[in-house]
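Engineer: Sequences and hints are given; from them, build the entire structure.
Read top to bottom, the protein sequences are chains A and B.
For what it's worth, the numbering used here labels the leading residue of the first sequence as 1, then goes sequentially.
For what it's worth, the numbering used here labels the leading residue of the second sequence as 338, then goes sequentially.
Any given hint could be a false lead.
What the hints assert, rightly or not - Just the calculated beta-carbon pair ranges, DEER-fashion:
hint, chain 1, residue 1, chain 2, residue 2, range
1, A, Lys144, B, Ser659, 43 to 53 Å
2, A, Gly15, B, Lys395, 30 to 40 Å
3, A, Lys208, B, His448, 44 to 54 Å
4, B, Lys545, A, Lys18, 34 to 44 Å
Stated by the list, open to error - Interface residues of chain B toward chain A, partial, derived using beta-carbon atoms under 10 Å:
hint, residue
5, Val579
6, Ile604
7, Leu609
8, Phe624
9, Phe627
10, Leu628
Stated by the list, open to error - Calculated lysine to aspartate or glutamate pairs in the EDC-like style (CA-CA distance at most 16 Å, straight line):
hint, chain 1, residue 1, chain 2, residue 2
11, A, Lys80, A, Asp90
12, A, Lys58, B, Glu599
13, B, Lys395, A, Asp90
14, A, Lys167, A, Asp197
15, A, Lys187, A, Asp197
16, B, Lys545, B, Asp534
Bear in mind the hints are in silico, worked out from the structure with no lab data behind them.
Positions of the beta carbon are idealized from the N, C-alpha and C atoms, including for glycine.
There are 2 protein chains.
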Amino acid sequence: MITAKRIVLASRPTGAPKPENFRVEDAELPEADEGEVTVRILYLSLDPYMRGRMSEAKSYAAPVPVDGVMEGETIGEVLKSRHNDFAPGDIVRGRTGWVTHAVIRGDRLRHVETHGAPLTTAIGVLGMPGFTAWSGLKFIGKPKPGETVAVAAASGPVGSMVGQLAKLWGARAVGIAGGADKCAFVKDELGFHAAIDHRSENLPSELKTVCADGIDVYFENVGGHVWDAVLPLLNTYGRVPVCGLVAHYNGTSTSESDRLPETMSAILRQSLLVRGFIQTEFAPDHFDEFLSDIGPRVASGEIKYREDIVDGFENAPEAFISMLTGGNFGKLIVQLS
Amino acid sequence: MITAKRIVLASRPTGAPKPENFRVEDAELPEADEGEVTVRILYLSLDPYMRGRMSEAKSYAAPVPVDGVMEGETIGEVLKSRHNDFAPGDIVRGRTGWVTHAVIRGDRLRHVETHGAPLTTAIGVLGMPGFTAWSGLKFIGKPKPGETVAVAAASGPVGSMVGQLAKLWGARAVGIAGGADKCAFVKDELGFHAAIDHRSENLPSELKTVCADGIDVYFENVGGHVWDAVLPLLNTYGRVPVCGLVAHYNGTSTSESDRLPETMSAILRQSLLVRGFIQTEFAPDHFDEFLSDIGPRVASGEIKYREDIVDGFENAPEAFISMLTGGNFGKLIVQLS
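Structural biologist: This is the structure we're talking about:
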């Protein structure tokens, strides 16, 4: 019998989550039934959307119940299998939640395929975050050669992919990130055409300077004061795929009040397209296409990525809390000891 | 020599326009040059977008200069022609502005074609407002059979067409209008499935009741507190073509403050598509298609419309001012004596 650890939602946060909103528990792992697989988790992905699952507020997915296991995607190694598609030693990914071990139906697991890139990319640049960037840009943003694509959290797993895809497809990539180190990474390592620090007092004018022809696609994953700076620069027929609003998740946005009429007026004036999306809309039909397109480019180093790997399962809550205010640098992944 | 009258912008309004923002002037009409046509105006269209032209604020079109003639579309009779396509007696439409007579290049005029419907429809249900409804619904709203389409200003030229097209295409039409008379017209005459009075204190709950399955398409031409009531009812993959924001034109919206995060959160949560548009985006390729599709239906009475015809050129400013707060009932047209 294996004793697993799991991290549950101890209480719902008000504002920014605190360590006491989480609780680490031990739990006896049941034996796998027919069709199930026992998995030892190697890596846990931490992502901003999880903040939404901690609240009861209306969202696109049901909240985690209090005392329920925190949701999340993981990479693991199969220990035992009673499903024909999996054998001990197989490396799989699945939505097991924040656990060290899981017994899960085999039809809810997928073999990890990274085209030669490291395993962790399967929950990062070649997983949900990378696919969010790829599908949102391909099906909603649709940048044309020569157009300007702007994205915030540009050193993160979504933003870094958005900018590199924009370049690959012939557009200009402008990244917005927090602090000099992240901006240097975005410009020098990822090769964006420009990177702007969102903490600068002159964000609106600095952004305007590097977007001299305006912004054609703004890939929205942040909201808040970055959106305020982007809005006046959007060109006619601009597209704004919205995949996240991290600045608002803790209810601590610094956006100016009463911006709605201004936002809707800009949508009208510039014939803007604003479109929310969750990557699950596109994944069933297009994930394999994404992986075969982007996987080899990641493996070869043509597309770059950065991961922020935290060691130790029990450090997940602290790392998650920090991520919500930009404390991470790259895709945040917890490596289980 | 003809002495024409014209109405110019005397000064820019702050908030709601006042009569003193307009001035009626006499002007000697020049002789038509080669390629030009002299037109006596029969009907002047008054439309909410003209409020935007009175301000210097950024818009999708240049403002009318102070002392400049107010912009607008008219229907007129050709008096003299030095253009091969037009002869005296022809009925034409063009953007002559608020004038009683005009000398205008023939290539800027079009013959009026209404498929047997009255002349005035060429600047109403079969003109820019009708085409705005048709193109925004066809290319952006895309209602599917059984879906719910909601529209405000539902007794007006855009809203009344939106709801009737929604019905024609198999969707449910819910109209929002100001006052019992307009609501009765929308429901009983136009045949919408339901009509709600936006002046009701219970607008949100009443709207929810008649949109039991939510709203799939909200055709936005008003903004303000109607948008506040619609937003929580929008379904996943909802579409919001935005063609106007009348509630905000005078800077007197009653929308609650700080709705931006809520709006963007709804866009994200429900994977909404919000798209501004000006009908000129679609007119070059699709106006003829619209006219041949809808013209016969208007002429036969299958598609209904209502006009609010004001008699006398010099009454245009007062009628326009009243329209901005819903004082008209149907497409507002000035008939020149």
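Engineer: Using the beta carbons of A:Lys208 and B:His448, state whether their distance is inside 44 to 54 Å or not.
Structural biologist: Cβ of A:Lys208 to Cβ of B:His448: about 46 Å, so the range 44 to 54 Å holds.
Engineer: Under the criterion of a CB-CB separation shorter than 10 Å, is B:Phe624 in contact with chain A as hinted?
Structural biologist: violated (17 Å)
Engineer: Next item in the hint list is B:Ile604. Is there a CB on chain A closer than 10 Å to its CB?
Structural biologist: Since chain A brings a Cβ to about 4 Å from B:Ile604, closer than 10 Å, the hint holds.
Engineer: Verify the interface restraint on B:Phe627: the C-beta must sit less than 10 Å from at least one C-beta of chain A.
Structural biologist: violated (19 Å)
Engineer: Close enough to count: is the Cβ of B:Leu609 nearer than 10 Å to one in chain A?
Structural biologist: holds (5 Å)
Engineer: Is the gap between the beta carbons of A:Lys144 and B:Ser659 within 43 to 53 Å?
Structural biologist: For A:Lys144 and B:Ser659 the Cβ distance comes to about 45 Å; the hint holds.
Engineer: Do the alpha carbons of A:Lys80 and A:Asp90 lie within 16 Å of each other, as the hint requires?
Structural biologist: holds (10 Å)
Engineer: Measure nothing beyond the straight line between the CA atoms of A:Lys187 and A:Asp197; if it is 16 Å or shorter, mark the hint as holding.
Structural biologist: The hint holds at about 11 Å.
Engineer: What's the verdict on B:Lys395 and A:Asp90, does the C-alpha distance respect the 16 Å limit or exceed it?
Structural biologist: violated (59 Å)
Engineer: Run the distance test for B:Lys545 versus B:Asp534: straight-line Cα separation, threshold 16 Å.
Structural biologist: holds (13 Å)
Engineer: Is the hint on B:Val579 kept, meaning its closest Cβ partner in chain A is under 10 Å away?
Structural biologist: holds (5 Å)
Engineer: Just to be careful: measuring from the Cβ of B:Leu628 to every Cβ in chain A, is the smallest value less than 10 Å?
Structural biologist: violated (23 Å)
Figure legend: structure checked against the earlier numbered hints; hints not met, in rising order: 8, 9, 10, 13 and 14.
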